[in-house]
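Please model the entire structure based on the sequences and the hints provided.
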Amino acid sequence: MFITSGEKGLKNLDHKKAQKIREAEAKKAAKILGIGKLYFLRLPDWTSGKNMKRGVRLLLPVLKRERPSLIYLPHPGEWHPDHQAALPMLRAALKRAAIPKPKLLAYEIWTPLLRFDHVENIVRVMRRKLKALAAHKSQLKEFNYERAIIGLNQYRGELAAKCRFAEVFSALSPVP
Numbered sequence: 059m060f061i062t063s064g065e066k067g068l069k070n071l072d073h074k075k076a077q078k079i080r081e082a083e084a085k086k087a088a089k090i091l092g093i094g095k096l097y098f099l100r101l102p103d104w105t106s107g108k109n110m111k112r113g114v115r116l117l118l119p120v121l122k123r124e125r126p127s128l129i130y131l132p133h134p135g136e137w138h139p140d141h142q143a144a145l146p147m148l149r150a151a152l153k154r155a156a157i158p159k160p161k162l163l164a165y166e167i168w169t170p171l172l173r174f175d176h177v178e179n180i181v182r183v184m185r186r187k188l189k190a191l192a193a194h195k196s197q198l199k200e201f202n203y204e205r206a207i208i209g210l211n212q213y214r215g216e217l218a219a220k221c222r223f224a225e226v227f228s229a230l231s232p233v234p
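Counting with the working numbering, you get residues 59 to 234 for the letters of the sequence shown.
Derived by calculation from the structure, the hints in this document are not laboratory data. It cannot be assumed that every hint is accurate.
[Claimed, not checked] Taking lysine-lysine pairs in the BS3-like style, the calculated list, with each CA pair at most 25 Å apart, reads:
1) 122 / 161
2) 195 / 89
3) 161 / 187
4) 89 / 189
Shown next as structure tokens:
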């Protein structure tokens, strides 16, 4: 599930062309990861929090159809406003969905978690993770995400899991 298509990440392109590129990259990465079905809500990039009602309305039928038991989402302390909007949007949709409440696990993107309660050794999937990251070619021109991801996952591996690479998560309540 993508709340936005990240079109503002391609500043030199018009909105529709950027959206098409970013979504194609997401689909390629999903295929590498073995994710079959993707949903794009296409809320305006950087302002999904200002479009909360629309986001809930778009998310609701997906939750009812898929009935997930586990949802991964950016942790609420992330600095990006769309990442911050994910939890309140999801909670509002879950409140209206009338489905069993799923487990929520929050992950790091740009802002490391201060506290976490779940650690995953990712040594055996790290190569595939980096291959999926490389599918986002348009985002790799200005920032070395591979270096950042390797560094963060090595740090988490060493300190949290006593292995080469790890990811950490924070369990969140599906209700406020």
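How the hints compare with the structure:
no.	hint	in the structure
1	122 / 161	holds, 15 Å
2	195 / 89	holds, 15 Å
3	161 / 187	holds, 23 Å
4	89 / 189	holds, 11 Å
Violated hints: none; the structure is consistent with every hint.
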